[in-house]
Amino acid sequence: MTAASAKPMSTSSGEPRWFRPLLVWRVFAAVLLTFALIAVALQRGIVLDGPVRWSLLVALLGAVVGAGIAIRGTLQKVHLGRFAGFTIDLLLMVVLGFIALNRMGMFTGVDAVGEAFNGNAAWLAIVILGWFVSGFADKAGGNQKILKQVAQWTMITGMVVLTVAMGLIPGLIEFATRIVEGDVILFAAGAVIAGVFARILWSDTAARLFKTTQTEGENMDGMLFVAPNVLGFLAFFAGPLIVSLFISFTEWDGLTDANFVGFQNYIDLFTDALFLKALRNIVIFGVVAIPLAVIPALLLAALLNSKLPGMRFFRAVYFLPSIAGVVGVTLIWKQLFNSTVGYLNYMILRVTEWFNSLIGTGWEAPQPQWISDDSIALIAVIILFVWQQIGFNTVLFLAGMQSIDGTLYEAADIDGAGPWRKLRNITVPMLRPTTVFVVATSTILALQLFNEPFILQAPSPPSGPGNATLTPVVYLYQNAFQEFQIGYASAVAWALFILIFGITLLYFRRSGDEGVLTS
Amino acid sequence: MKNKLILLFAVFALVAAACGGDDDSADDGTDTTAAATETTAAAGEEVALRWMTRPDNPEEAAVYGDISDELSASLDSVTLTYEPGSNEGAGYQQTLLTNLSAGTAPDVFWIPGTDVADFASRDVILDMREYADASGHSDADFYEGPMGHLTTDLDTGQPGNALWGLPRDVSTFGLYVNLDLIAEAGVANPLELEANGEWDIAAFNEVVDGVAALGGEIRGYGQSAWWGPYGAWMNNAGGGFFTADRSACGLDSDESIAGLTALRDLYSGDSVIPYGEDPEPPFRAGTVGMFQNGRWATPGIRTVDFNWDVVGLPEGAAGPGNWLFWGAYVVNANTADPEKAWALVEALTEASVQAQISGLGANIPSRVSQEALDAFLTFSPPDNNQAFLNGLQNDPSTEGPLWAGSWPEFVTLMDSEIQAVVTGARDIADFQANICTETSAAFGG
Chain S
1 MTAASAKPMS TSSGEPRWFR PLLVWRVFAA VLLTFALIAV ALQRGIVLDG
51 PVRWSLLVAL LGAVVGAGIA IRGTLQKVHL GRFAGFTIDL LLMVVLGFIA
101 LNRMGMFTGV DAVGEAFNGN AAWLAIVILG WFVSGFADKA GGNQKILKQV
151 AQWTMITGMV VLTVAMGLIP GLIEFATRIV EGDVILFAAG AVIAGVFARI
201 LWSDTAARLF KTTQTEGENM DGMLFVAPNV LGFLAFFAGP LIVSLFISFT
251 EWDGLTDANF VGFQNYIDLF TDALFLKALR NIVIFGVVAI PLAVIPALLL
301 AALLNSKLPG MRFFRAVYFL PSIAGVVGVT LIWKQLFNST VGYLNYMILR
351 VTEWFNSLIG TGWEAPQPQW ISDDSIALIA VIILFVWQQI GFNTVLFLAG
401 MQSIDGTLYE AADIDGAGPW RKLRNITVPM LRPTTVFVVA TSTILALQLF
451 NEPFILQAPS PPSGPGNATL TPVVYLYQNA FQEFQIGYAS AVAWALFILI
501 FGITLLYFRR SGDEGVLTS
Chain H
1 MKNKLILLFA VFALVAAACG GDDDSADDGT DTTAAATETT AAAGEEVALR
51 WMTRPDNPEE AAVYGDISDE LSASLDSVTL TYEPGSNEGA GYQQTLLTNL
101 SAGTAPDVFW IPGTDVADFA SRDVILDMRE YADASGHSDA DFYEGPMGHL
151 TTDLDTGQPG NALWGLPRDV STFGLYVNLD LIAEAGVANP LELEANGEWD
201 IAAFNEVVDG VAALGGEIRG YGQSAWWGPY GAWMNNAGGG FFTADRSACG
251 LDSDESIAGL TALRDLYSGD SVIPYGEDPE PPFRAGTVGM FQNGRWATPG
301 IRTVDFNWDV VGLPEGAAGP GNWLFWGAYV VNANTADPEK AWALVEALTE
351 ASVQAQISGL GANIPSRVSQ EALDAFLTFS PPDNNQAFLN GLQNDPSTEG
401 PLWAGSWPEF VTLMDSEIQA VVTGARDIAD FQANICTETS AAFGG
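Protein chains in written order, with my numbering: chain S, 1 to 519; chain H, 1 to 445.
Read the hints as simulated data drawn from the structure, not as lab findings. Cβ atoms here follow ideal geometry from the backbone N, Cα and C, with glycine treated the same way. Any given hint could be a false lead.
Simulated DEER-style distance windows between Cβ atoms [to be verified]: (1) S/Val161 <-> H/Gly286: 52 to 62 angstroms; (2) H/Gly136 <-> S/Phe28: 47 to 57 angstroms; (3) H/Ala134 <-> S/Phe270: 36 to 46 angstroms.
Here chain S is said to cover these stretches of chain H; the calculated rule only asks that three of the stretch's residues, wherever they fall, bring their Cβ under 8 angstroms from a Cβ of chain S [to be verified]: (4) 305-317; (5) 415-423.
With the hints as constraints, model all of the structure from the sequences given.
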């Protein structure tokens with residue numbers, strides 16, 4: 001950690017030994033990044049097409065600008081130079097290291113690690129046992145030093161044997177062989193150098209040299225701590241998100257060069273009957289399914305919150321649908337919904353027969369075509385969604401209820417309030433933050449509906465009879481992966497994102513205005 | 001500090017162990033995630049090729065893996081890696097398209113027959129004619145229908161001298177028949193009717209009505225609601241989706257409408273599984289007399305506990321008709337070594353390899369080879385495997401791409417309208433008058 005003082009730190013009398021190499025590295029890294037930028041821009045050496053190329057260009061441009069700022073700041077010995085240089089070095093270390101490992105085929109070897117673990121589970125068990133015993137010795141206190149030492153040595157021995165059994169020796173030889181192959185050594189060396197300079201820039205000496213204040217130092221520490229998460233977010237969420245935004249402004253089939261078409265895809269959405277139908281379907285779905293997934297969950301949670309016998313069992317039972325795999329569950333419901341051999345219609349038939357025999361009527365049992373009738377196909381999807389969602393929402397409400405101060409209920413008991421009154425006047429108001437969260441998450445899940453119609457309708461098209469089960473995500477899938485219209489599909493995705501974002505923002509803003517989220 | 005060192009050691013040990021694992025691709029030092037490059041390997045140099053095909057079931061995936069290992073050992077200077085393509089999170093088409101977009105697609109991969117035009121016109125796959133001529137390949141060794149599409153010239157949109165790949169396998173429709181229900185209903189056995197040359201639409205309807213008359217949840221017939229099953233009815237009536245040269249919509253022809261009318265009439269009563277419902281579960285539950293599906297459904301049907309067999313589709317007004325379904329192995333335009341990739345395609349479509357796959361019962365060899373067909377015919381039940389082969393002989397319409405339009409767009413537009421007609425939501429006269437205008441967008445209209 002940097003131990004900077006509250007005031008700007010004074011520079012040392014002379015430049016540290018690493019300063020000149022750092023300057024050289026700064027310039028070298030900037031030149032390297034500029035070359036990479038030119039290579040991608042001119043398609044020389046690094047031949048990429050479409051949005052991937054544009055995304056890389058933007059990223060490299062940012063890196064070159066950052067490298068320039070780092071050089072200037074390093075020469076001036078100001079904190080900006082330290083911060084920009086540190087960021088560039090950190091990113092270079094990760095990116096170059098990733099490339100080196102990938103070119104060594106390391107990521108495909110992860111499967112081999114899994115297999116090796118399977119074959120040496122006994123040694124792994126010894127390691128875990130040693131860890132547990134070591135922890136136990138810590139907690140037990142007293143004179144448990146010998147036990148702790150034995151446990152630690154057992155753990156270390158187990159680890160060594162495990163790694164050797166897993167192939168450490170041939171692995172080290174293979175590692176050494178591959179790292180010197182072709183360009184791998186260059187990427188690995190680049191990653192190591194960047195890592196070394198990042199470490200130097202994080203030191204107290206660097207903090208003093210670059211006149212870093214305590215606040216700036218703490219900010220930098222904080223940023224370093226969140227860096228892994230931020231990098232993951234950038235690589236796996238924000239990056240693809242930005243790429244998809246770019247793609248949405250193009251006409252692109254995913255196979256050939258993209259043509260920039262501006263807002264045309266978005267304009268087309270407004271006149272696309274199928275997209276509008278998908279929007280209509282999802283709005284109807286949301287309006288019906290969300291209350292059905294939330295209100296019964298609240299009542300169920302109130303019931304499960306009681307101290308009646310067997311409640312723990314029922315809590316688990318109601319939660320099961322939400323942890324079951326959506327594909328398996330949907331396939332089961334598909335069988336239940338079958339209009340000729342499904343249990344749902346069979347139940348309707350038997351109930352009607354029982355009713356007829358009871359009161360002497362001759363009513364014919366309705367046999368709905370749950371999946372193939374366009375007037376009720378969406379209802380089938382709603383039933384399935386609600387069944388899956390209720391359990392999860394119930395658990396959330398239950399957690400919310402258990403955090404309500406018990407003295408409120410005791411006071412209500414003294415005042416003579418009954419269960420309904422307590423639910424209405426204590427439980428529901430106190431649960432507002434939970435309710436906002438439950439409604440928001442249910443809404444997001446509802447608007448992203450895909451798996452249920454996709455599997456329920458198979459082998460027919462997932463859009464269902466008369467496009468009754470066509471949802472925006474199903475439409476997105478059809479455009480992207482069946483009609484090769486990735487650009488248009490991205491526009492659908494962004495339209496959906498805006499809708500979800502807008503609704504969620506509305507929920508939270510309204511709740512924020514009412515002080516629900518801060519109460 | 002000690003804990004940090006132990007942690008560092010553990011992480012490094014795991015990374016090193018990954019290097020020392022027995023993963024094939026790791027051992028040979030190849031990067032299986034790398035894109036196919038544009039450099040050609042020197043003669044005799046070991047080349048690593050990746051290939052991908054969609055198996056119908058886990059058993060097939062295992063056999064493809066074994067075949068890959070065998071070919072890897074037998075092909076000269078080639079190391080193969082097989083990828084099934086799909087997993088729990090993504091289907092085959094998603095995986096393939098994503099890999100192609102990212103430039104990481106395998107050297108050889110399978111695509112449905114309907115996608116050939118899309119891939120060829122976008123320069124994603126190679127024209128292999130040059131390599132095929134050099135290897136002594138003959139187009140005539142494979143069924144004519146798929147080869148017509150696989151040799152289509154990009155400029156003319158008609159069969160020419162190109163070669164976009166070779167068909168992996170073929171399939172046709174048959175009617176899976178519940179013989180117990182047929183006997184219980186006391187109707188004529190469709191297999192006997194077919195043997196006597198009396199298996200036409202009228203006889204089919206009699207069997208359907210006869211079985212449905214058993215009452216309760218029993219139905220006479222079921223088909224799924226996608227283009228294959230209803231298309232077969234149009235084919236049997238002498239119609240089809242397109243004009244003869246496949247350059248325009250043919251859904252409004254009198255023959256196509258006749259086939260569609262027959263289907264609509266069938267679905268207007270209660271004798272069949274409602275259109276849009278999956279008919280396979282009730283068939284397997286023993287409540288459906290006849291279930292129309294392809295050869296790929298056979299392994300699943302074998303689990304039922306009633307007597308069953310397969311009969312061909314009934315003859316329509318235009319005589320016997322069917323579909324010829326197929327998919328093809330094609331070569332990635334960015335493959336490292338087109339010559340060796342072609343050798344792999346040829347090896348994968350050899351009679352002995354096709355015999356191994358068809359021995360599992362899900363599809364029919366695409367090579368016109370007695371060895372492969374013999375292996376296919378050994379898979380029993382059903383007793384009447386010949387029904388599927390008859391479908392190949394009786395002038396089937398070949399599934400295929402649109403070289404002058406967009407097949408996926410056409411199907412999306414067509415599916416919902418056909419469903420509307422069959423379920424009575426749309427008047428068939430209105431359909432005939434307007435459907436080709438409505439689907440003209442698929443032809444750039």
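Mind listing which of the numbered hints don't hold for this structure, in increasing order? Of the numbered hints, 3, 4 do not hold.
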